[in-house]
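Now for the letters of each chain:
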Amino acid sequence: MKIREIEINNFRKFRQPKTISGFSDGLNIVVEPNETGKSTILEALRAALFIRHSAKTELTRSFCPTGDDVAPRVALTFEIDGGIWRLEKQFLRSAAAKLSGPSGRFESDAAEERLQEMFGFERGNNRGTDLETRGPLGLLWVEQTSALKIEAPSARVCDTVRSALEGEIGAILGGRRFEAVRAAVETAYADLRTVKSGRSTGRLQNAEARLAQAKAARASAEEQVQAYESSLTELEMARTRKRLIERDLADPEQKTRRQQLQSDLRLGEDAAIKLTAAQARHDETRAKLTSLEGQLSRIATARTVQATAGAVLAKFSERNEEAEVAHEAAVAIEAELRIALASARAARNKLDRSVRDARTALGVRTRAVAINGARTRLAELEGLEAELKTVEAEAPGALDADAIAELERLDRAVVAARAIASANAVAVNVQIHDETAIRIDGAPAGPGLRPLGGRTVIEIGRHATLTLLPSAADGVSAAAREGAAEDALATTLARHRVNSLADAVSRNELARRAADRVAGIRRQITTLCVAETTIGLDAGPAALKLLVSSLSKVPPPEEDIAASADFAALDAALSAAIDAEQETVGRHEVATEALRQSETETAERRRKIALAERDLETASAQLEQMTAGGVETLETKVLNLREELQRRRNTLGEANTAATTFEVAVIRSRLENMLRADEKARREREDLIATIAGLEATIQRLGPKGLPGVLANAVEEEQATAEGLQRLIEEADMLALLRNTLAKAADDASRTFLGPVTRRAAHYISRIVPGSDLTFDERLSLTSITRGGLTENTDNLSRGTQEQLAVLTRLAFADLLLDRGSPVSLILDDPLVYSDDARLDAMTDILTEASARVQVILLTCRERAFRHLDARRILL
Amino acid sequence: MIRILHTADWHLGKPFGRLPADIRAALTEARFDAIDRLTGLTRHRRIDHVIVAGDMFDNTDPGDRVVIQALARMAAGTCHWWLIPGNHDHARSDGLWARFRRRAAGNVHVLDRPEPVEIEDGAWVLPAPVQFLRTTDDPTEAMSSMTTPPGAMRIGIAHGPIVDFAARGEANNLVPADRATRSGLDYLALGDWHGYQLVNSRTAYSGTPEPDSFMREDAGAVVVAEVRPGAEPLIERVDIGRYRWLSRSWSLTKIADYEHEVRTLAGSVEMTAALLHLRLDGAVSLADCAAIRAALNDGLAHRLRWLSCDDKLMITPTDDDIASIDVQGMLAVASSRLRDIASSGGAQAERASRALERLYVEALRAGSEDAR
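Protein chains in written order, with my numbering: chain Z, 1 to 876; chain V, 1 to 372.
No lab work stands behind these hints: they were computed from the structure.
Take these hints with a grain of salt, some might be off.
Stated by the list, open to error - What follows is a list of derived Cβ distance ranges for each label pair:
| id | chain 1 | residue 1 | chain 2 | residue 2 | range |
| --- | --- | --- | --- | --- | --- |
| 1 | Z | 195 | V | 251 | 31 to 41 Å |
| 2 | Z | 54 | V | 314 | 16 to 26 Å |
| 3 | Z | 17 | V | 294 | 28 to 38 Å |
Heads up, the beta-carbon is just placed ideally off N, CA and C, and yes, glycines get one too.
Please construct the entire structure, taking both the sequences and the accompanying hints into account.
In structure tokens, the structure reads:
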């Protein structure tokens with residue numbers, strides 16, 4: 001698309017028709033002095049291409065020159081795909097749209113629709129929510145007029161290439177209006193909620209506080225009204241209660257009832273008194289009757305007693321004398337026998353004494369005899385003991401059986417050795433022929449035959465010494481053996497201090513005999529020293545010796561004092577005396593028993609008689625006393641009393657009935673209750689008077705405050721405050737939604753276009769900063785520019801660089817559209833004001849190159865700056 | 001013949017808590033001023049007796065300021081005031097009326113017992129004071145048994161509805177419409193109904209002298225009645241109120257509709273004395289909606305004494321509306337998103353619609369700044 005001509009009339013500054021024509025395909029420079037309406041030209045282009053002719057908005061109204069009431073008009077001639085089109089639009093008054101070109105003429109809405117189609121955004125598609133789907137061509141076309149109007153770089157702070165690009169893209173996609181709207185919304189929102197946490201603040205917070213206050217005020221008012229109302233209710237109740245109590249107190253019916261009860265009480269009390277009296281009289285009569293009846297009964301009893309006692313006395317009077325005689329006889333018998341028994345006992349006692357004396361005497365004698373015997377036996381004992389000592393001293397020590405057996409074995413060995421020696425023996429027969437002394441083994445030898453044994457040295461004088469050596473067949477001569485056996489025997493004999501075996505045997509015999517003798521003496525001693533109880537002698541010689549030594553001081557008895565006593569006669573006499581006594585005892589016992597029985601019977605009889613006599617006496621006395629007035633009179637009295645009692649019983653019954661009719665206790669209790677109730681009511685009335693006074697005071701105090709009105713007001717205020725708060729909450733929610741929607745739109749736009757535009761811009765940036773190498777991060781953000789091998793942080797871009805970036809961004813957009821087959825006119829409003837000469841050259845080169853691809857229209861008031869460019873110049 | 005001024009339902013001390021403080025004060029003062037206007041009327045028309053048929057006060061215990069203001073203004077007149085308690089200020093022991101009596105001047109008479117009182121030679125009033133807040137008994141029943149000398153004029157005073165509007169048979173203090181005939185009354189002065197209403201030739205509601213709610217649009221009025229023995233009374237309604245309480249419901253489709261309605265309203269009432277409860281509905285464009293709301297808040301609300309607006313306008317954004325926000329770019333994206341939410345009918349629809357309106361307003365504001 002290429003613009004060929006623009007006609008403007010009645011549009012803002014252009015009150016007169018203005019035609020700008022002669023646009024070439026490439027670079028066009030529209031030179032105009034300041035304030036001649038560059039911006040208006042851009043606005044007019046925008047109005048023609050996009051604003052619907054029929055729109056009556058603030059914007060369209062702003063097209064009208066200030067103070068005029070005319071129809072703003074814009075006509076545009078452009079070429080698209082080789083065809084020439086003419087578009088005419090008139091706004092506000094007689095609004096119209098006309099579009100004519102190679103494919104026909106269109107008017108009004110049809111013209112608008114056709115226009116949209118031509119620029120790649122169809123109706124219904126152009127306002128979709130997705131930026132990508134709605135045609136970037138249209139986007140840029142529509143926006144370029146205002147979007148490409150480069151703002152003074154100082155207007156925004158751009159630290160980095162990225163932020164500069166973002167800013168420019170933002171400007172293209174919405175520009176300052178978006179920012180302004182967003183800022184206004186943020187400000188409005190911040191007055192309600194904090195941006196960070198969404199907490200209430202500002203007006204919303206105030207409204208919440210006001211609602212809390214209103215609620216508190218309402219609650220307080222409610223409480224007060226409640227108190228006031230309940231005071232009124234309580235007062236009403238207290239008054240009603242008081243009225244009721246007073247009515248009850250003054251109730252005439254109640255009074256009547258009380259009087260009735262009191263009269264009933266009096267009647268009841270009378271009846272009770274009467275009853276008591278009747279009861280007393282009745283009891284009195286009954287007592288009298290009982291007494292008289294008792295008297296009669298006692299008379300009868302006395303008579304019976306009298307009769308019984310008489311009979312008893314009569315019965316005993318016949319046999320009494322006889323019984324008394326028998327009793328006296330029994331007494332006499334017993335006395336007699338008692339005397340006999342006493343004499344028998346005296347006789348026996350005497351005999352007892354005689355026997356005892358005799359026995360004593362006998363004992364003394366026996367003891368004396370025993371002592372004498374003991375003395376005799378002691379003498380014998382001493383003899384025996386002396387003998388025993390002798391025997392024991394003389395007895396040789398006996399060899400034991402083993403020693404004897406050894407001796408016998410050794411003796412037999414000697415005998416055997418001798419026998420062997422004898423068998424081998426050499427005998428020498430000595431015959432002495434001269435005086436030469438012959439000595440055998442040193443001993444002078446007489447003539448005779450002499451056996452030799454063993455080595456024998458025979459000395460013949462001084463002539464010769466013959467040593468005879470036994471034959472030494474087995475090494476030892478028989479003689480030697482014999483000698484050894486004899487030595488063994490001799491050694492053993494010596495050890496046992498005996499001379500020979502025979503000697504040993506005889507010694508043993510002697511010893512055995514001595515032992516027998518000792519045993520015999522000991523037996524004698526034992527026999528001699530037997531125990532003797534009469535004198536306290538125990539068995540054994542020691543006891544005997546001890547006894548005798550103790551008796552030695554007592555002289556032996558001189559004569560036999562009891563030898564003459566006749567024990568047998570005495571015993572016989574005693575026995576007879578005992579028998580006699582026993583017999584007397586038996587007889588006395590019988591008599592005693594008889595006497596006891598007789599005494600029992602006598603006592604019983606006497607008691608009965610005495611009793612009967614007393615009964616008789618008492619009964620007679622009683623009878624005499626009781627019957628003094630006459631029995632008949634008594635009986636009559638009883639009869640009369642019985643009749644009287646019956647009468648009084650009847651009276652009592654009547655009184656009882658009367659008393660039951662008026663129950664005094666019940667009536668009294670009722671009366672008391674009534675009085676109590678009255679008293680209570682009176683007290684309650686007094687209390688109520690106090691309560692009423694208190695409540696009246698409260699009401700008089702609270703009433704003038706106008707509490708119900710206060711409450712009604714508080715309730716309404718609370719409602720109004722709550723509604724106001726609700727409206728603010730709704731406004732806050734609405735603003736939150738708007739904020740989020742705006743933020744999202746900005747994010748989406750940035751995301752969609754930042755990458756592609758940045759990529760295209762990079763190419764140009766490297767040219768205005770020669771030798772630079774652009775670095776992109778993962779989000780395709782341009783983060784730094786490397787210049788001359790040094791990486792220069794892109795912070796704090798100069799104004800010139802910012803401005804150049806703005807132009808390049810637009811160029812990148814135009815390229816973007818060209819790539820998509822929709823070339824556009826790139827219109828730049830007074831660009832590159834801040835560029836130095838070097839940069840300006842670079843930029844103009846870039847623009848010149850670009851003009852080969854797209855139509856570039858450059859509006860400027862600085863003709864000189866672009867004079868060197870080969871371009872179509874148009875003067876306004 | 002006796003000429004009386006019949007009034008009722010002053011509702012002194014009504015709080016108006018939902019209204020801003022200045023309006024509240026004005027309304028409160030207007031109710032007190034009504035007493036002065038009544039006094040002026042009696043002087044002007046030479047009326048000696050004013051009958052107040054109940055609900056003089058808005059509640060059973062108005063504050064002392066209310067009571068004293070009322071009494072002071074009543075004492076200023078030369079006429080006699082005959083009052084009965086109504087349902088709002090019903091008689092109860094130790095309440096309002098005891099306090100009221102203690103402070104009342106000699107020309108103020110509280111008729112809180114159903115006993116006839118001779119107010120002038122041959123003229124008796126038969127009061128039916130409301131004793132309880134709610135009773136389904138007919139409070140005027142006793143009038144039949146109230147005897148007056150032969151030939152005397154009988155003027156009944158009662159407070160209550162004559163029709164059971166709830167139609168549930170449980171209306172309180174219901175007064176039979178033919179009470180005047182039944183009880184031989186020459187005139188029955190009724191209170192409770194806030195608008196003037198002639199029930200029959202002998203019975204009327206005076207209405208309130210100073211309206212107090214949007215429930216009824218009548219101007220405040222009183223009745224001047226000439227009661228004549230043996231003849232029907234002459235009943236005259238006299239408007240006396242200061243403020244008008246109006247309810248309107250406007251269905252709008254464009255700004256022109258609104259302008260038309262405002263013109264109509266302005267032609268029918270004195271705007272500065274009107275309190276308006278306005279309900280707006282209808283579907284309008286974003287531009288019109290913004291314009292209407294601006295006109296309401298910056299114009300009508302200021303012209304009226306008070307405006308309460310129940311704004312149910314539905315916005316149907318036109319293409320122009322959306323274009324006005326921005327034709328393309330991020331604002332356009334945002335506006336079209338909001339429009340989608342608003343037209344989805346979801347929970348956020350209403351909010352989105354409002355957000356769109358706000359966006360519109362803000363975009364225009366930014367645009368106009370741009371243009372400058």
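Here is what the structure says about each hint:
1. Z/195 to V/251: 31 to 41 Å: 39 Å, holds
2. Z/54 to V/314: 16 to 26 Å: Given a distance of about 23 Å, which is inside 16 to 26 Å, the answer is holds.
3. Z/17 to V/294: 28 to 38 Å: At roughly 35 Å between Cβ atoms, residue 294 of chain V and residue 17 of chain Z fall inside 28 to 38 Å, so the hint holds.
When each numbered hint is compared with the structure, no violation occurs for any of them.
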